[in-house]
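Visitor: Protein chains in written order, with numbering that gives the first Met the number 0: chain D, 0 to 260; chain A, 0 to 260; chain W, 0 to 260.
What the hints contain is simulated information worked out from the structure, not anything from laboratory work. The reader is advised that the hints may include incorrect statements.
Stated by the list, open to error - Simulated restraints, written as ranges between beta carbons of each label pair:
1. Arg101(W) <-> Arg221(A): 27 to 33 Å
2. Thr223(A) <-> Gln161(W): 46 to 52 Å
3. Glu145(W) <-> Arg214(A): 29 to 35 Å
To be verified - So these bits of chain D aren't anywhere near chain A, every CB distance computed over 10 Å:
4. Pro59
5. Trp117
6. His201
7. Leu203
8. Glu235
We put the CB at the ideal spot given by N, CA and C, even for glycine.
Chain by chain, the residues:
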Amino acid sequence: MSIITLTTDFGTGSPYVAAIKGVILSINPRATIVDLTHDIPPQDIRRGAVVLDDVAERFPDNTIHVVVVDPGVGTERAILYAQIGCQQYIVPDNGLLSRLARRTPPEKLIRLENPEYWLEPVSPTFQGRDIMAPVAAHLGLGIQPEQLGPLAESIGQLEWPQLRVAPGEIEGAVLEIDSFGNLVTNITTDALAGRPTDKRAHILIGEHETWGIYRTYSDQPRGTFIALVGSSNRVELAVVGGNAAAMLRAAVGEKVTVTWE
Amino acid sequence: MSIITLTTDFGTGSPYVAAIKGVILSINPRATIVDLTHDIPPQDIRRGAVVLDDVAERFPDNTIHVVVVDPGVGTERAILYAQIGCQQYIVPDNGLLSRLARRTPPEKLIRLENPEYWLEPVSPTFQGRDIMAPVAAHLGLGIQPEQLGPLAESIGQLEWPQLRVAPGEIEGAVLEIDSFGNLVTNITTDALAGRPTDKRAHILIGEHETWGIYRTYSDQPRGTFIALVGSSNRVELAVVGGNAAAMLRAAVGEKVTVTWE
Amino acid sequence: MSIITLTTDFGTGSPYVAAIKGVILSINPRATIVDLTHDIPPQDIRRGAVVLDDVAERFPDNTIHVVVVDPGVGTERAILYAQIGCQQYIVPDNGLLSRLARRTPPEKLIRLENPEYWLEPVSPTFQGRDIMAPVAAHLGLGIQPEQLGPLAESIGQLEWPQLRVAPGEIEGAVLEIDSFGNLVTNITTDALAGRPTDKRAHILIGEHETWGIYRTYSDQPRGTFIALVGSSNRVELAVVGGNAAAMLRAAVGEKVTVTWE
Numbered sequence: 000m001s002i003i004t005l006t007t008d009f010g011t012g013s014p015y016v017a018a019i020k021g022v023i024l025s026i027n028p029r030a031t032i033v034d035l036t037h038d039i040p041p042q043d044i045r046r047g048a049v050v051l052d053d054v055a056e057r058f059p060d061n062t063i064h065v066v067v068v069d070p071g072v073g074t075e076r077a078i079l080y081a082q083i084g085c086q087q088y089i090v091p092d093n094g095l096l097s098r099l100a101r102r103t104p105p106e107k108l109i110r111l112e113n114p115e116y117w118l119e120p121v122s123p124t125f126q127g128r129d130i131m132a133p134v135a136a137h138l139g140l141g142i143q144p145e146q147l148g149p150l151a152e153s154i155g156q157l158e159w160p161q162l163r164v165a166p167g168e169i170e171g172a173v174l175e176i177d178s179f180g181n182l183v184t185n186i187t188t189d190a191l192a193g194r195p196t197d198k199r200a201h202i203l204i205g206e207h208e209t210w211g212i213y214r215t216y217s218d219q220p221r222g223t224f225i226a227l228v229g230s231s232n233r234v235e236l237a238v239v240g241g242n243a244a245a246m247l248r249a250a251v252g253e254k255v256t257v258t259w260e
Numbered sequence: 000m001s002i003i004t005l006t007t008d009f010g011t012g013s014p015y016v017a018a019i020k021g022v023i024l025s026i027n028p029r030a031t032i033v034d035l036t037h038d039i040p041p042q043d044i045r046r047g048a049v050v051l052d053d054v055a056e057r058f059p060d061n062t063i064h065v066v067v068v069d070p071g072v073g074t075e076r077a078i079l080y081a082q083i084g085c086q087q088y089i090v091p092d093n094g095l096l097s098r099l100a101r102r103t104p105p106e107k108l109i110r111l112e113n114p115e116y117w118l119e120p121v122s123p124t125f126q127g128r129d130i131m132a133p134v135a136a137h138l139g140l141g142i143q144p145e146q147l148g149p150l151a152e153s154i155g156q157l158e159w160p161q162l163r164v165a166p167g168e169i170e171g172a173v174l175e176i177d178s179f180g181n182l183v184t185n186i187t188t189d190a191l192a193g194r195p196t197d198k199r200a201h202i203l204i205g206e207h208e209t210w211g212i213y214r215t216y217s218d219q220p221r222g223t224f225i226a227l228v229g230s231s232n233r234v235e236l237a238v239v240g241g242n243a244a245a246m247l248r249a250a251v252g253e254k255v256t257v258t259w260e
Numbered sequence: 000m001s002i003i004t005l006t007t008d009f010g011t012g013s014p015y016v017a018a019i020k021g022v023i024l025s026i027n028p029r030a031t032i033v034d035l036t037h038d039i040p041p042q043d044i045r046r047g048a049v050v051l052d053d054v055a056e057r058f059p060d061n062t063i064h065v066v067v068v069d070p071g072v073g074t075e076r077a078i079l080y081a082q083i084g085c086q087q088y089i090v091p092d093n094g095l096l097s098r099l100a101r102r103t104p105p106e107k108l109i110r111l112e113n114p115e116y117w118l119e120p121v122s123p124t125f126q127g128r129d130i131m132a133p134v135a136a137h138l139g140l141g142i143q144p145e146q147l148g149p150l151a152e153s154i155g156q157l158e159w160p161q162l163r164v165a166p167g168e169i170e171g172a173v174l175e176i177d178s179f180g181n182l183v184t185n186i187t188t189d190a191l192a193g194r195p196t197d198k199r200a201h202i203l204i205g206e207h208e209t210w211g212i213y214r215t216y217s218d219q220p221r222g223t224f225i226a227l228v229g230s231s232n233r234v235e236l237a238v239v240g241g242n243a244a245a246m247l248r249a250a251v252g253e254k255v256t257v258t259w260e
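Next up, chain D with everything else stripped away, as it sits in the complex (with noise of 0.2 Å):
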């Protein structure tokens, strides 16, 4: 049995990922195909790698997830079979993989050149369907990652806003905004360790602050602005029964300090 899951900016709803899942099943009947969303904003790369890095390695071990956020469609930017941890990615090497790999790094990395696992002939403008959804199906019955092409050094990597912290302050950003309206920052509670959350921990975005890191959005009354840890381990910033991005006016990328006097 396999496991093979979805990640693409086509929008859900849109027959293109079922193109995908009709030629996955028409090679592997058995496989079980997860969507894992399809509502990445077009083209937009960050959005995938943070979402695979929040989502992924909560699938069984060996699951397969095809990634198919790919402005580059069609031009010479390779294609990759990836291990990372105990998952397995099929992904256009366009950075997809950099928030996972800052954890773990990848253990295999293979390019997909063998032409033998794919969908003969190739749309040049849909390769998640006619290249990564067969191998993902091949995969999933049992082929090794070798048989797929040569190894690749190296992934490609995106920016990421640091994490600067020093002894008073937590310098970090905005990394997503939920379907709550919720801002996830990259501030982890690792860089929380041993410091207060309670009143003393001050914390600023843009013209907004609050005191306090709370533990559940029901910490505090309705319409309130707080802090809170979110369930990716991460300070998140939440309006209560309200959506902070838009009360806010907030952003990806938008800069975000928690101070201690």
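Given the coordinates of chain D, assemble chains A and W onto it according to the supplied hints.
Guide: Chains A and W in isolation, oriented as in the chain D frame:
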């Protein structure tokens, strides 16, 4: 084989949904996971309760329905296992089962308090992933509900609009609006039993009126405002080929009366 | 093992879709259900027909495609079982198969009239749930199509824009707009065969023109309006890194010409 459905307010395409699926499949790789819906408006418990009541019993016996519409996540509200009819539910105890329970009293109610089947450490902001998902997966593998925690005595209730049935008049309300803009009321075919549904029936919502309760959307010309018996055996208000909610500016909760002279 | 795909205009996240899945799994718990798309615009039979034509044949042989885009639900229009090529279809007879059938004539056409495989009582407003879903589930279990009802003679047709091919000119139309805003035309690579696709080819839509038919979206700088051969082997109009439909204010049906001097 076990079937697990998911209902959330995370939005289709939310990576939080994918995280829940990953957790379930990590424990129970053969589970069949079905998205009931992820488009419950944020924190709209009432909508969640109506959708469950409409759809859950269409699934095979012993299906496990996981519902994460949970504005009180991380607070003292219980998480319940409930058996209602032939279906099983895992829900925060906030009223989500209150419509289903009007028709069929819950047979087995258990508070999820045994951490043995949880994913530790439990994030106080995402108990759907860390408590409800792993418990559902283990239930699908055959553990007994009694192993999950102590018996509970009752479920949380919500106020629902009453159906007032008098000799010449039925007064109800709009219960939900479907994706076509049809207004589904709480007026059941049972309430109509024995009364004429032809032109003698006068239906009123706000300032809009129509006569007769039809069988299909096609019984009148395009653009006509009509009443009909919908697929849940309830009176529904529709505009043929149009969107009744938009054209009538109607909302959930709005009063609907049917009168006979 | 049976694969059943679902195509509807209910909207992703509609509980009506979940009801259909519940009915299928109640009869055939081992069916693999795949969402082809639920985002057909309400009652847009033409869009449904185009999507089917694009995607259905990507699925394994004997896949059962259930299509519920059905403005005439409950009227006298038939519900058909059709075998076209190696795929099976269950559709209201309203033209949904009219594009597929241009390429491959249906081999077996049956009117669903035998209520033995239906879910009684059948709601006149939701035959997708009460007739089409249970019939698909039973087909997946191995009943013969001939058991479903009498043979039908023909399928409903829709008018489709003609492709006019002359020595120095091809005239077609926009057939669909994908989620990236790319304009997919009915001009096939077959129609282009033997003609130059370099700068000598002049493409015109409304007041917008471009020269040459490219291979990929990346063959020109960001923001450029280009023509290319898309993944369905049809000429596609795109704006590199942008949304052609929005930037050109183009719609389905709009005339597109390719001329050569």
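Visitor: Test the statement that Trp117(D) is away from the interface with chain A: the closest C-beta pair must be farther apart than 10 Å.
Guide: holds (27 Å)
Visitor: Taking 10 Å as the cut and beta carbons as the points, is Leu203(D) off the interface with chain A?
Guide: About 22 Å separates Leu203(D) from the closest Cβ of chain A, which puts it past 10 Å; holds.
Visitor: So Glu235(D) supposedly isn't at the interface. Is its beta-carbon more than 10 Å from every beta-carbon in chain A?
Guide: violated (8 Å)
Visitor: So is Pro59(D) really clear of chain A, every C-beta pair being over 10 Å apart?
Guide: violated (5 Å)
Visitor: With respect to the beta-carbon atoms only, verify the hint that Glu145(W) and Arg214(A) lie 29 to 35 Å apart.
Guide: holds (30 Å)
Visitor: Regarding Arg101(W) and Arg221(A), is the given constraint of 27 to 33 Å on their beta-carbon distance met?
Guide: holds (28 Å)
Visitor: Between Thr223(A) and Gln161(W), is the Cβ distance one that fits in 46 to 52 Å?
Guide: violated (35 Å)
Visitor: His201(D) clear of chain A by more than 10 Å, beta carbon to beta carbon?
Guide: holds (21 Å)
Against the hints set out earlier in the document, violations occur for numbers 2, 4 and 8.
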